[in-house]
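Chain A is already provided as a structure; the job is to place chain B on it using the hints.
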Amino acid sequence: MKKLWRSAATTAFALGVAAIFGPAPAKADTPQYGDELRLVVGSNIPSFDAHIESTFGMIHPIRPFYSVLIRVNPDNPSSPTDFVCDVCEGTVPKATDGGTKFTFKIRKDIKFHDGTPLTAHDVKATFDKIVFPPEGIASNRVAYFRAVESITTPDDYTVVFKLKTPTGTFLPSVAMPFNFIYAKKDLDTHGYTWHQKNVNGTGAFKFAEYVPGSHVRGEKYEGFHHKGMPYLDGFTAIAAPKMSVRLQAIRGGQADIEFRGFPPKARDDLVKALGNDITVQESDWNCVLIVTPNHEVKPMDDPRVRRALSLAIDRKGGSQYLSKIAIVKTVGGIVFPGHPLAATEAELSQLAGYGNDIEANRAEAKRLLKEAGHENLKVTLHNRGVDQPYKVVGTWLIDQWKKIGVQADQWVQPSTPFYATLRSKKDFTISLDFNCQSIINPIADISKYLPGAGANYAYFQDEQLVKWYDELLAEGDEGKQREIIRKYEKRVLDDLASQFITLWWYKINPYRSYVKGWKIAPSHYLNQALDNIWIDQTEKKRQLGG
Amino acid sequence: MYGYIVKRLLMLLPTLLGAAILVFLLLRLVPGDICLIKFGGEGAYADPEQIKQCQERLGLTQPIYIQFVEYIGGYLTFDLGTSMWTGRAVGHEIAIRFELSLQIAIMATLTSIIIAIPLGVISAAKQNTAVDYFVRGFSIAGIAMPSFWLGILIILGLLIGTQEFLGRPWMPPIHYKPIWEDPIHNISQLIWPALATGYRYSAVATRMTRSAMLEVLGEDYVRTARAKGLVESVIINKHALKNAMLPVVTIIGMEFAFLMGGLVVTEQVFNLNGIGKLFVESVTQSDFTLTQALVMLVVTIFIVMNFIVDVLYAWLDPRIRYS
Numbered sequence: 019m020k021k022l023w024r025s026a027a028t029t030a031f032a033l034g035v036a037a038i039f040g041p042a043p044a045k046a047d048t049p050q051y052g053d054e055l056r057l058v059v060g061s062n063i064p065s066f067d068a069h070i071e072s073t074f075g076m077i078h079p080i081r082p083f084y085s086v087l088i089r090v091n092p093d094n095p096s097s098p099t100d101f102v103c104d105v106c107e108g109t110v111p112k113a114t115d116g117g118t119k120f121t122f123k124i125r126k127d128i129k130f131h132d133g134t135p136l137t138a139h140d141v142k143a144t145f146d147k148i149v150f151p152p153e154g155i156a157s158n159r160v161a162y163f164r165a166v167e168s169i170t171t172p173d174d175y176t177v178v179f180k181l182k183t184p185t186g187t188f189l190p191s192v193a194m195p196f197n198f199i200y201a202k203k204d205l206d207t208h209g210y211t212w213h214q215k216n217v218n219g220t221g222a223f224k225f226a227e228y229v230p231g232s233h234v235r236g237e238k239y240e241g242f243h244h245k246g247m248p249y250l251d252g253f254t255a256i257a258a259p260k261m262s263v264r265l266q267a268i269r270g271g272q273a274d275i276e277f278r279g280f281p282p283k284a285r286d287d288l289v290k291a292l293g294n295d296i297t298v299q300e301s302d303w304n305c306v307l308i309v310t311p312n313h314e315v316k317p318m319d320d321p322r323v324r325r326a327l328s329l330a331i332d333r334k335g336g337s338q339y340l341s342k343i344a345i346v347k348t349v350g351g352i353v354f355p356g357h358p359l360a361a362t363e364a365e366l367s368q369l370a371g372y373g374n375d376i377e378a379n380r381a382e383a384k385r386l387l388k389e390a391g392h393e394n395l396k397v398t399l400h401n402r403g404v405d406q407p408y409k410v411v412g413t414w415l416i417d418q419w420k421k422i423g424v425q426a427d428q429w430v431q432p433s434t435p436f437y438a439t440l441r442s443k444k445d446f447t448i449s450l451d452f453n454c455q456s457i458i459n460p461i462a463d464i465s466k467y468l469p470g471a472g473a474n475y476a477y478f479q480d481e482q483l484v485k486w487y488d489e490l491l492a493e494g495d496e497g498k499q500r501e502i503i504r505k506y507e508k509r510v511l512d513d514l515a516s517q518f519i520t521l522w523w524y525k526i527n528p529y530r531s532y533v534k535g536w537k538i539a540p541s542h543y544l545n546q547a548l549d550n551i552w553i554d555q556t557e558k559k560r561q562l563g564g
Numbered sequence: 011m012y013g014y015i016v017k018r019l020l021m022l023l024p025t026l027l028g029a030a031i032l033v034f035l036l037l038r039l040v041p042g043d044i045c046l047i048k049f050g051g052e053g054a055y056a057d058p059e060q061i062k063q064c065q066e067r068l069g070l071t072q073p074i075y076i077q078f079v080e081y082i083g084g085y086l087t088f089d090l091g092t093s094m095w096t097g098r099a100v101g102h103e104i105a106i107r108f109e110l111s112l113q114i115a116i117m118a119t120l121t122s123i124i125i126a127i128p129l130g131v132i133s134a135a136k137q138n139t140a141v142d143y144f145v146r147g148f149s150i151a152g153i154a155m156p157s158f159w160l161g162i163l164i165i166l167g168l169l170i171g172t173q174e175f176l177g178r179p180w181m182p183p184i185h186y187k188p189i190w191e192d193p194i195h196n197i198s199q200l201i202w203p204a205l206a207t208g209y210r211y212s213a214v215a216t217r218m219t220r221s222a223m224l225e226v227l228g229e230d231y232v233r234t235a236r237a238k239g240l241v242e243s244v245i246i247n248k249h250a251l252k253n254a255m256l257p258v259v260t261i262i263g264m265e266f267a268f269l270m271g272g273l274v275v276t277e278q279v280f281n282l283n284g285i286g287k288l289f290v291e292s293v294t295q296s297d298f299t300l301t302q303a304l305v306m307l308v309v310t311i312f313i314v315m316n317f318i319v320d321v322l323y324a325w326l327d328p329r330i331r332y333s
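Chains as they are written, first to last, in our numbering: chain A, 19 to 564; chain B, 11 to 333.
Isolated chain B (complex conformation):
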């Protein structure tokens, strides 16, 4: 098992390096000049001398290979550089948003797991019954409905519902406070986006759990277990569920990684100051250093989640590590 983990860890390095090179080159191909946006982005007169000074200050006039060496050198020494737009350390810019994005990702993933696994199992166990049809309808609705749209409905529902029943409209808070500072404010802000995104992902995971369970329940060893006279709950929980979890774990792992950087629209709907919003801002402002760091962060999260999923695979199915 340890050998397997070390081998997987070593494979992370070339993947990260490849991603770093790709991100650096792609960003240089995209049109846009941060200095022009900064001084003339709103149509103001942009003094060419001022633009030139800005480009020199930000190192944009240096040859591309020098920029690349500095970029890779910075990453190797864990120095992500300074945001070209705000002038603050990129690490700081990311850190203040990371906590919120991580909390949403955890809450949405928990929501997804809590909904998906029981529903998927029940749906498979009660195949082609009314319960199964209901669960399938529920999950199809979740897949069909974008989480940002559900978010808008939640906000409107809260505004109208509270005005109707409490006499004054209420909506969730629009600026973040850490959970240890003000837990009520924190939860009342984040529970709604977590539900909106969690429902969407639970729908995918429910369908995956159901189909994996159906496949496993048709296996010979399950028939053998039934022939031995084991009760159905033991067959499902002890023998079938663990084996059916392989594809579900993959889905949940990838969803978690996606949630860390991909909640661009949902963050806007709920005014969340997360990684997704920062991503959009950095791209629209042509802030290379910040965009590079954010892409690398998301790549790293995906790679780490892949690694965790691989390790979980090996734990769930010992045949994987032996092969």
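Bound-form chain A, shown alone:
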């Protein structure tokens, strides 16, 4: 029954979370071939090699040149659990051998853009580079594949992943959009760094041009393995670091779409200026702002103080008001809201700071501060010098803490010194931090809250959390995973208040309404292959003329 409820909740989430408004897309649109998509990208490309990069500045312009083994369903990207084959055949395989073996059959009709046929050996060479990189070769996602024992190819079109233990993190990790499939021939001939500056993939578009700092251009790949696609003749990804430029470019007809997302005010401005010429898609976003107290600095070593600061936060009220001005909205726990492994509202309400009676929460917070001897607490919130949503949420937090008598101010730093301070262990008392992932992979994602984890800047130790996390990694049953996560979540957010959640991000994508076929995903890294996007050319002509 529980499973049924969760399944229903997931379906409802999948249907509901991508709230689409603007012109109703109800009419059965038939995709049109031709034309080019102009997308604006708010970041530059450090290199073309997705295996070593983590930025959307690389994914948005380069992903269309490559395929991956499996991907989120481009027709249902808001579902956190719907994966489909890309270069593999049929449906995504189920684990065998007690959850320790995944066998992927590879399609036989795929060719790289240089004409080389794709085989299982290319897939193995790719994942060998990602999972077992040779000495001196960087790979950013080794940690996601720690459970992999071996990758073998029994024949030219079969790849087998053997795991050390069963784990629920494997398939979501394989589906990450960073796992571009490279040709073994390229890796053998040119070496492991060749893909940083060169492109040879099997994606919907062939690499045509790159002008550093300016744009990337792709042309339609006629031999693309998903028949009938892509619809576009090509695309140009234009680098535009300033948000105002990206926004005005869509308004002024110099760009069609931006995939990362805009704040609510920008959406409203565009809709006001262009009315029905703008379509808006919105979704929960797999990014969350976390308050990280430094347990090595007094008084954050006292759980009563940390708990009081969490209790002071009116998350529901914040969601209501902040969502009008910032890219945050959803109240949630440590797991992406709506995922089957996430806490329900009833479960959340049991945790410190999530109860409905905010006045009672704040009274309890004041009592805890008094008990800890910090009635007149002064704190400096360390924050990142980025408006959306860091500075907005930081300012709101200060207001929330003032309501329990805490005198707080903000210390804002640009990204580089901000993270240098977080890593320094002793230079901050309490800080905002974030957890932003591509594929929703709760078991991997919640490692952020694990004491001793590389990206956990709270600097504390807790054997219980480590024990539960190890149990979680080895647990194959979803029901039991959920139980462990609830205990883990309560310990992080309530018992220890080692870190606490503010609000989950909310993704808003306004774009020209002649762009069709794209569906929003809960991450700006997902659904960026561009193979299913098409342009309604009549509508485009009406809107832009010419």
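Hints should not be assumed to be uniformly reliable.
[Stated by the list, open to error] Calculated lysine to aspartate or glutamate pairs in the EDC-like style (CA-CA distance at most 20 Å, straight line):
(1) B:LYS187 <-> A:GLU227
(2) A:LYS245 <-> A:GLU382
(3) A:LYS290 <-> B:GLU174
(4) B:LYS187 <-> A:GLU71
(5) A:LYS485 <-> A:GLU496
(6) B:LYS62 <-> A:GLU496
(7) B:LYS62 <-> A:GLU382
(8) A:LYS443 <-> B:ASP43
(9) A:LYS420 <-> A:GLU382
(10) B:LYS187 <-> A:GLU54
(11) A:LYS559 <-> B:GLU174
[Stated by the list, open to error] Over the 12 Å line for every Cβ pair with chain B, so calculated as not near, a few chain A residues:
(12) SER341
(13) ASN394
(14) GLN428
Don't read these hints as lab results, they were simulated from the structure.
Don't be surprised by glycine CBs; every beta carbon is placed ideally from N, CA and C.
Same frame as chain A, but now just chain B:
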């Protein structure tokens, strides 16, 4: 004249060497590690081993004197090195942006000259009249208004104006195409930043032209020319203007050099992929090799512009070369 030019050319070398040493040392004093930014700049877990390998690969673990020798050696052989961030040749990174920055600098300088010199001369010739007051107001407005702000106003004006009058909003293109490839696209993109920056610099040059002209028009030889019965236009164009140009040439020369690397904010407003934007990116990414090369490029441009100004001085005022 040739001796003067050779002497000025020889003086360029120690200036460049001094700048190179200063830039190298200053950049090593600035905190920040490109490897840490690359692997953990967005808050991701940065594996210490990975960071160490990156530092070794980029030569950052070498003793400072070896880094310096390699840096100077590279410059002496015209090898600017490889960008630590992108892995591409620094020369290539600069070359693809240089054309755009040069074109903007030329267009803005031309705009500045076309506006400043006639207005400055008219303002001086019509001193304390309504025309003079108008020109002075126009130039003060130009000085007071930052060019990036004027740029924002231009973009908003274009968006609102075109929507109002043409029925659909339009803004200038946001990616660059060379003028020989697509002249309409090129001009429709670059004319606006050129106007925004050109107006700012024309304001400075207008005021300089006006004050220099007023000074020259009060000289004895101008009074003599008037006493000889020469018409006013001949006095201004033939006798006064050339002598009044000395400070104006300096201003225009320095403005041109500044435009080549200093349009940081204006480039962002118009999304121009120029030298200024590259400068900011290289500094924020702690890309030493690229920052060093860009600083040296700007230093070289300033030195060369100074040299050209000096030569023009000597041409405009022969007394300079004899002294």
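| Can the restraint linking A:LYS290 and B:GLU174 be considered satisfied, given a maximum Cα separation of 20 Å? | holds (14 Å)
| query | Does the alpha-carbon distance linking B:LYS187 and A:GLU71 stay inside the 20 Å limit? | reply | violated (28 Å)
| Keeping to a limit of 20 Å between CA atoms, is the pair of B:LYS187 and A:GLU54 held or broken? | holds (17 Å)
| said: Check whether the Cα positions of A:LYS485 and A:GLU496 lie no farther apart than 20 Å. | reply: With Cα atoms ~18 Å apart, A:LYS485 and A:GLU496 stay inside 20 Å; holds.
| said: Hint check: A:LYS443 vs B:ASP43, CA-CA at most 20 Å. Holds or violated? | reply: Status holds; Cα separation ~17 Å.
| Does the alpha-carbon distance linking B:LYS187 and A:GLU227 stay inside the 20 Å limit? | holds (13 Å)
| said: Please check whether the beta-carbon of A:SER341 is more than 12 Å away from every beta-carbon in chain B. | reply: holds (23 Å)
| Are B:LYS62 and A:GLU496 close enough, with their CA atoms no more than 20 Å apart? | Not satisfied, since the Cα-Cα distance of roughly 39 Å exceeds 20 Å.
| Holds or violated: A:LYS559 to B:GLU174, with C-alpha atoms at most 20 Å apart | holds (19 Å)
| Is A:LYS245 close enough to A:GLU382, meaning Cα to Cα at most 20 Å? | violated (61 Å)
| request: Taking the shortest Cβ-to-Cβ distance between A:ASN394 and chain B, state whether it exceeds 12 Å. | output: holds (32 Å)
| field | Pairwise hint evaluation, A:GLU382 against B:LYS62, where the allowed Cα distance is 20 Å at most | value | Outside the cut-off at roughly 47 Å; violated.
The structure shown violates the earlier hints numbered 2, 4, 6 and 7.
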